[in-house]
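S.K.: In case you want the letters, here they are:
Number of protein chains: 2
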Amino acid sequence: MEKIVDIGFETIHLGHGSGGELTRNLLDKIIFKTFSNPFLDQKHDGSIVEFNEKIAISTDSFVITPIFFKGGDIGSLAVHGTVNDVAMCGAIPKYLSLAFIIEEGLKVSDFIKIVQSIKKAADESGVLIITGDTKVVERGKGDKIFINTTGFGEMHSKANISIQNILENDVIIVNSFIAQHGMAIMSDREGLEFETTIKSDSTNLNYLVKDLLDEFGNNIKMFRDPTRGGLGTVLHEIANDISKGVFIKETDIPIEKQVAAACEMLGLDPLYVANEGVFLTIVSKEIASEVLQLMRNHSKGKNAAIIGFVTNNHPKKVVMESSIGGKRIVSPLVGEQLPRIC
Amino acid sequence: MEKIVDIGFETIHLGHGSGGELTRNLLDKIIFKTFSNPFLDQKHDGSIVEFNEKIAISTDSFVITPIFFKGGDIGSLAVHGTVNDVAMCGAIPKYLSLAFIIEEGLKVSDFIKIVQSIKKAADESGVLIITGDTKVVERGKGDKIFINTTGFGEMHSKANISIQNILENDVIIVNSFIAQHGMAIMSDREGLEFETTIKSDSTNLNYLVKDLLDEFGNNIKMFRDPTRGGLGTVLHEIANDISKGVFIKETDIPIEKQVAAACEMLGLDPLYVANEGVFLTIVSKEIASEVLQLMRNHSKGKNAAIIGFVTNNHPKKVVMESSIGGKRIVSPLVGEQLPRIC
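As given, the protein sequences belong to chains A and B, one line each in that order.
Under full-length UniProt numbering, the first residue of the first sequence is numbered 1, with each subsequent residue one higher.
Under full-length UniProt numbering, the first residue of the second sequence is numbered 1, with each subsequent residue one higher.
It is worth saying that the hints were derived from the structure and are not from the lab.
A few of these clues could be false.
Note that the list lumps identical chains together, so a pair holds whenever it fits in one copy or between two copies.
Straight-line C-alpha distance at most 30 Å; calculated BS3-like pairs for lysine-lysine [to be verified]:
no., residue 1, residue 2
1, 54, 210
2, 119, 107
3, 257, 199
4, 43, 317
5, 317, 249
6, 43, 54
7, 29, 316
8, 120, 54
9, 317, 29
10, 54, 119
11, 158, 54
Input sequences plus hints: build the corresponding full structure.
M.R.: Laid out in structure tokens, this is it:
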């Protein structure tokens with residue numbers, strides 16, 4: 001796959017989605033060759049797998065534009081996004097299905113780049129692609145490429161994640177800087193030149209999640225990754241789901257200076273900007289500093305921070321103390337801040 | 001769901017894919033309300049399930065146009081297609097994930113119709129929708145709605161489907177009339193008026209497959225559904241995979257008269273026209289008539305027929321004896337006969 005693969009076409013044609021010879025050629029030369037493993041090699045309509053534990057399943061379609069961006073592309077994103085959703089359930093991701101909807105005219109070289117990026121991200125995340133599908137739609141009926149991945153993971157034997165366990169004074173920790181993914185896409189899309197380069201934070205979070213579960217087991221009460229809608233929307237959802245309040249301090253939320261500056265320049269609230277390498281966890285006050293320490297010692301949690309706590313005051317509301325000491329209610333995102341961010 | 005659900009909009013907006021309040025509203029009022037079950041009701045990023053047996057997994061994206069057609073719609077098709085792919089592995093389908101990519105401007109009433117159709121087809125097929133995703137793309141960047149379903153089924157305890165088991169003289173049986181789905185779509189799409197109405201054969205095949213496995217167990221050597229690419233392409237793939245020849249008789253292939261006439265009129269070879277309610281099975285000669293009998297007694301196999309056999313002559317080739325006695329090689333479909341047929 002290092003060299004350009006010759007499938008006899010420079011762009012994808014409708015025939016590549018026909019189910020006939022062209023489809024078989026595309027699959028054999030690119031997909032099966034790249035992802036070869038005993039499951040996929042069956043080349044059947046489906047794949048047969050075995051699990052020892054309960055399984056977490058999650059699905060996501062990726063429609064991001066542009067398809068290549070600083071810090072990743074739609075391929076790596078489609079792996080990280082679903083791997084992380086499975087991990088957020090308290091599971092160890094093992095397998096992914098992979099389905100493409102390609103717009104006629106996509107450059108074959110771009111398709112190969114995306115497939116290679118999927119392979120790399122899957123290898124790094126420790127998951128196998130076990131079954132897939134490829135469809136092609138006419139020019140103007142899609143947008144280059146959409147990808148669906150569905151992920152399967154074995155539940156971590158110590159995991160007992162449940163919002164029922166969340167109590168007053170429990171502590172909310174995030175692992176990393178927020179708003180990077182959304183601002184990277186924004187700058188790529190709009191051709192904005194910020195002083196420094198903002199890169200998407202798209203990455204896999206499953207190893208850090210596993211380490212946390214290995215160490216703290218059922219003392220971890222929740223994992224959640226604030227992707228679309230951002231941290232603000234997810235905190236609001238949590239407050240709603242647990243019928244308790246959430247209190248956060250603006251100055252405690254980790255954000256890179258250049259990202260904060262870019263948000264300010266564009267009039268965007270970083271609380272609603274999408275993330276792809278961020279998750280939050282809720283744990284009891286007693287173990288919070290230990291959890292924080294473990295996260296900071298991990299490559300995916302170096303900038304972890306305690307951002308707030310759960311309270312019985314203002315149930316179902318998120319209240320944020322601002323940098324100048326004022327308090328405001330954080331509402332959920334209404335409408336669309338940045339369409340097609342993932 | 002019988003009455004029109006009011007989500008405050010007549011068409012889908014980009015904000016419905018934001019992950020914010022509009023998304024939540026759409027999900028709560030339409031998706032969660034329709035599919036409510038203990039798995040989905042967790043409203044988490046994923047769902048946790050348990051299986052007793054090995055699992056078969058299959059994924060498919062559906063991009064059919066038009067989205068409503070005689071005999072079904074993109075919603076029922078997205079259920080049947082994946083349920084059948086899981087069944088073809090020798091498994092009992094249990095769960096589906098469900099992911100929408102909606103083009104901005106889709107009528108909410110059409111979306112609701114599709115969701116209801118998914119619900120009905122899922123109920124009839126005995127599967128639960130356990131997790132999902134909804135994305136919205138701008139007008140002109142999609143085509144009304146694309147759906148991905150990924151299906152999970154428990155392997156039937158008696159199933160031992162493997163092409164390794166296929167021997168010379170094994171018999172090939174199909175369950176029903178071919179070419180109906182493709183010709184139904186064709187007539188809808190082109191506004192063709194055939195003398196009588198051709199309906200898509202889109203339906204679930206999992207119950208008939210289960211009955212066959214209950215009765216004949218590991219004597220069933222293969223199931224395969226010839227969807228895209230049609231019967232001809234699938235037979236060619238099988239011949240290739242088993243490195244043996246396949247011999248079929250044109251007059252033995254079940255096809256409705258009006259479908260055959262429509263194909264002739266449009267110059268289409270029914271062997272390459274898509275099916276959605278057809279599967280073929282390969283069994284030893286000794287049990288072929290029993291298998292045929294069981295199929296004919298089942299609502300999904302009334303028109304079952306033995307269409308040919310496996311031979312050591314002409315390995316990797318499919319040879320068909322035509323209605324007038326001549327013989328021709330059936331090549332796989334090259335290019336695209338009917339784009340976006342599923």
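S.K.: With reference to the structure, classify each hint as holding or not holding.
M.R.: Now for the hints, and whether the structure bears them out:
1. 54 - 210: Answer is both; intra-copy 16 Å and inter-copy 24 Å each pass.
2. 119 - 107: within (19 Å within a copy, 38 Å between copies)
3. 257 - 199: Close inside one copy (13 Å), not across copies (61 Å); limit 30 Å.
4. 43 - 317: between (50 Å within a copy, 19 Å between copies)
5. 317 - 249: This pair counts as within: shortest intra-copy Cα distance 14 Å, inter-copy 70 Å.
6. 43 - 54: both (26 Å within a copy, 18 Å between copies)
7. 29 - 316: between (53 Å within a copy, 20 Å between copies)
8. 120 - 54: The answer is both: 27 Å in one copy and 28 Å across copies each meet 30 Å.
9. 317 - 29: between (53 Å within a copy, 22 Å between copies)
10. 54 - 119: The answer is both: 26 Å in one copy and 25 Å across copies each meet 30 Å.
11. 158 - 54: Answer is both; intra-copy 12 Å and inter-copy 23 Å each pass.
Checked against the numbered hints given earlier, this structure breaks none of them.
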